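Offset between the sequence shown (1-based) and this note's numbering: plus 519.
For the record, the hints were derived by calculation from the structure and aren't laboratory data.
Bear in mind the structure is a predicted one, so any value in this text is a computation, not a measurement.
Be aware that a few hints might be false.
Said to hold, decoys possible - 25 Å max Cα-Cα, derived DSS-like pairs, lysine-lysine: (1) LYS531 to LYS636; (2) LYS628 to LYS826; (3) LYS706 to LYS636.
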Amino acid sequence: MEGRHLSELCSKDEVDPIYHYLRQIAPETVEWVDIEGNKCDDGVIQYVSGVWGFRDGDGRTAFHWAVALRNYSLANTLMNEPYRSPVLSEDEDGVTPFMTACMVGAPEKFVRSLLEKSVAVYNFFLKCPVLQRRPLKEGSKANGDRGQKADRNLYSSGANIGHGDMTTEDVLSTSNEAPICEEFVAKYNIVNSVDSLGNTALLHVASRGHSHLVDFLIRNGSELNHQNKHGQSALHRAVGRGNMNTVEILLCASKQKINKSKEEHQRWVNLQDVWGNTALFYASMENNEDLGRLLLRNGADRYLRNKEGKEFWEV
């Protein structure tokens with residue numbers, strides 16, 4: 520089995536070859552300390568101990584590879600008894616198995632189950648540096664996130680909840696139902712975690728046309744307003760791919776979720792990327808008249824100019 524990559528083994532349903540391979544390459548001893556250098560509690564050690572918590576050079580566990588390869592049979596086997604593989608981890612791009620499941624267009628039933636299990640172990644993950652991506656080197660942070668907290672990750676302590684200014688700590692400290700709120704915060708942070716380019720699961724599914732997951736993510740707290748490090752929102756990505764169905768779902772969700780005022784909805788429709796282009800510009804660049812007309816009917820500003828001083832029809 521020497522020279523084989525973990526991903527090769529995870530393309531098949533057999534668990535034993537994966538287990539024996541991991542027994543050969545996984546370290547026999549691990550220093551079980553949390554992010555503050557203190558010894559981890561027993562619950563954390565139990566969550567990540569054993570070969571199934573091993574991350575390869577890409578930062579992926581066997582479970583993560585099974586999800587990436589759409590091997591849902593193996594993934595379901597690994598995340599349940601008797602294996603109980605860690606379902607919440609990050610690869611070196613900051614991508615979780617949940618985000619990967621969304622990226623590959625996994626069935627909603629599988630994604631829902633994975634989200635529930637990820638929420639259940641969220642606090643264990645926070646205390647497990649061995650499951651988290653290595654910190655970025657100083658000075659490596661990309662610019663151009665337009666102040667949207669594109670570097671937010673699963674263990675950020677001040678992630679915004681909803682569209683207000685409340686932080687995770689605010690929600691927990693003002694609630695009389697702490698367990699419920701902790702579950703809400705965990706779900707919010709998992710659904711809205713970002714990869715190294717600032718993309719959330721919603722941006723990925725919008726650009727890939729997985730419309731069955733767009734509504735699921737929005738119902739579970741995904742932020743419509745989020746922009747990646749290029750300033751792109753989910754609407755930018757969906758329009759750029761010419762995805763009419765996804766665009767319609769996003770527009771409908773905006774009207775239902777953030778349309779407490781007409782101005783707020785229009786602000787969202789007219790979000791600009793780092794070059795000043797709105798979703799309407801993207802439709803124009805793709806010569807997609809149908810999407811252009813749809814956006815104009817839903818509040819797109821035809822007179823807005825990008826950073827080159829051009830209107831949408833000039834690009």
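Okay, the hints, checked on the actual structure:
At roughly 23 Å between alpha-carbon atoms, LYS531 and LYS636 fall within 25 Å of each other, so this suggested pair holds. Between the alpha carbons of LYS628 and LYS826 the distance comes to roughly 43 Å, so the proposed pair goes past 25 Å and is violated. Restraint check for LYS706 and LYS636: satisfied, since their Cα atoms lie roughly 10 Å apart, inside the 25 Å limit.
Taken one by one, the earlier hints fail for this structure only at number 2.
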